[in-house]
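Participant: Sequence:
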Amino acid sequence: MDPLAERFRRERERLGISIRELALETKIREPYIDALERGRYDVLPAVYVRSFIRTIGTSLQIPADEIKSLMDATFDDEGSTSGRLPASSLSNRNENHRSRSLMQPSERQRQLLHPWTW
0 MDPLAERFRR ERERLGISIR ELALETKIRE PYIDALERGR YDVLPAVYVR SFIRTIGTSL
60 QIPADEIKSL MDATFDDEGS TSGRLPASSL SNRNENHRSR SLMQPSERQR QLLHPWTW
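Here the sequence shown is numbered in numbering that gives the first Met the number 0, starting from 0 and rising by one per residue.
Read the hints as simulated data drawn from the structure, not as lab findings.
For clarity, every value in this text was computed on a predicted model and none was experimentally measured.
Beta carbons are placed, not taken as given, at the ideal position from N, Cα and C, and that holds for glycine.
Fair warning: there could be bad hints in the mix.
[Claimed, not checked] As a list, the in silico SDA-like pairs of lysine to any residue whose alpha-carbon atoms are at most 25 Å apart:
#1 Lys67 <-> Ile18
#2 Lys26 <-> Glu10
#3 Lys67 <-> Arg28
#4 Lys26 <-> Gly15
#5 Lys67 <-> Arg37
#6 Lys67 <-> Ala22
#7 Lys67 <-> Thr57
#8 Lys26 <-> Ile66
#9 Lys26 <-> Glu65
#10 Lys26 <-> Ser50
#11 Lys26 <-> Ile16
#12 Lys26 <-> Arg11
#13 Lys67 <-> Thr54
#14 Lys26 <-> Arg13
#15 Lys67 <-> Ala45
#16 Lys26 <-> Leu14
#17 Lys67 <-> Val46
#18 Lys26 <-> Asp1
#19 Lys67 <-> Pro2
#20 Lys26 <-> Glu5
#21 Lys26 <-> Thr54
#22 Lys26 <-> Tyr47
#23 Lys67 <-> Glu20
#24 Lys67 <-> Phe51
#25 Lys67 <-> Tyr47
[Unchecked claim] Taking CB as the label site, the calculated pair distances span:
#26 Val46 <-> Gly15: 24 to 34 Å
#27 Thr25 <-> Lys67: 14 to 24 Å
#28 Arg39 <-> Glu12: 29 to 39 Å
#29 Arg53 <-> Glu29: 10 to 20 Å
#30 Tyr47 <-> Asp71: 27 to 37 Å
#31 Glu12 <-> Thr54: 12 to 22 Å
#32 Gly15 <-> Ala45: 13 to 23 Å
#33 Glu10 <-> Arg39: 12 to 22 Å
#34 Glu5 <-> Thr54: 24 to 34 Å
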């Protein structure tokens with residue numbers, strides 16, 4: 000288990016807070032908190048991972064500089080973790096999004112977007 004995940008779980012248990020209570024306090028869904036505590040960053044929405052970490056760390060009263068150093072040790076400069084969230088999966092997702100956005104709208108989409116022209 001990575002140090003960040005272990006630190007979160009250990010601190011939450013030390014404070015006697017359940018995952019449910021932490022979820023209510025932070026407004027982060029229970030499965031996401033559980034995934035963070037297991038170091039399963041690949042099942043989380045990638046754009047929110049660092050924000051979730053900061054929010055949970057603050058809620059657990061972990062000093063900001065410690066959270067930052069744990070995040071730096073866990074994530075590389077591109078935001079991926081060692082083997083958990085390959086950078087290629089992010090680039091593939093962006094390529095798929097770009098190709099979909101370049102597609103021509105369907106007939107139904109055209110009707111919905113411009114009802115006065117059909």
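Participant: Compare the structure with each hint and give your call.
Facilitator: Going through the hints against the structure:
no.: 1; hint: Lys67 <-> Ile18; result: holds, 22 Å
no.: 2; hint: Lys26 <-> Glu10; result: holds, 18 Å
no.: 3; hint: Lys67 <-> Arg28; result: holds, 22 Å
no.: 4; hint: Lys26 <-> Gly15; result: holds, 18 Å
no.: 5; hint: Lys67 <-> Arg37; result: holds, 19 Å
no.: 6; hint: Lys67 <-> Ala22; result: holds, 21 Å
no.: 7; hint: Lys67 <-> Thr57; result: holds, 11 Å
no.: 8; hint: Lys26 <-> Ile66; result: holds, 19 Å
no.: 9; hint: Lys26 <-> Glu65; result: holds, 22 Å
no.: 10; hint: Lys26 <-> Ser50; result: holds, 12 Å
no.: 11; hint: Lys26 <-> Ile16; result: holds, 14 Å
no.: 12; hint: Lys26 <-> Arg11; result: holds, 16 Å
no.: 13; hint: Lys67 <-> Thr54; result: holds, 12 Å
no.: 14; hint: Lys26 <-> Arg13; result: holds, 21 Å
no.: 15; hint: Lys67 <-> Ala45; result: holds, 17 Å
no.: 16; hint: Lys26 <-> Leu14; result: holds, 18 Å
no.: 17; hint: Lys67 <-> Val46; result: holds, 17 Å
no.: 18; hint: Lys26 <-> Asp1; result: holds, 24 Å
no.: 19; hint: Lys67 <-> Pro2; result: holds, 12 Å
no.: 20; hint: Lys26 <-> Glu5; result: holds, 21 Å
no.: 21; hint: Lys26 <-> Thr54; result: holds, 9 Å
no.: 22; hint: Lys26 <-> Tyr47; result: holds, 13 Å
no.: 23; hint: Lys67 <-> Glu20; result: holds, 24 Å
no.: 24; hint: Lys67 <-> Phe51; result: holds, 13 Å
no.: 25; hint: Lys67 <-> Tyr47; result: holds, 15 Å
no.: 26; hint: Val46 <-> Gly15: 24 to 34 Å; result: holds, 31 Å
no.: 27; hint: Thr25 <-> Lys67: 14 to 24 Å; result: holds, 18 Å
no.: 28; hint: Arg39 <-> Glu12: 29 to 39 Å; result: violated, 18 Å
no.: 29; hint: Arg53 <-> Glu29: 10 to 20 Å; result: holds, 18 Å
no.: 30; hint: Tyr47 <-> Asp71: 27 to 37 Å; result: violated, 18 Å
no.: 31; hint: Glu12 <-> Thr54: 12 to 22 Å; result: holds, 18 Å
no.: 32; hint: Gly15 <-> Ala45: 13 to 23 Å; result: violated, 31 Å
no.: 33; hint: Glu10 <-> Arg39: 12 to 22 Å; result: holds, 18 Å
no.: 34; hint: Glu5 <-> Thr54: 24 to 34 Å; result: violated, 18 Å
The structure fails to meet hints 28, 30, 32, 34 from the earlier list, while all remaining hints are met.
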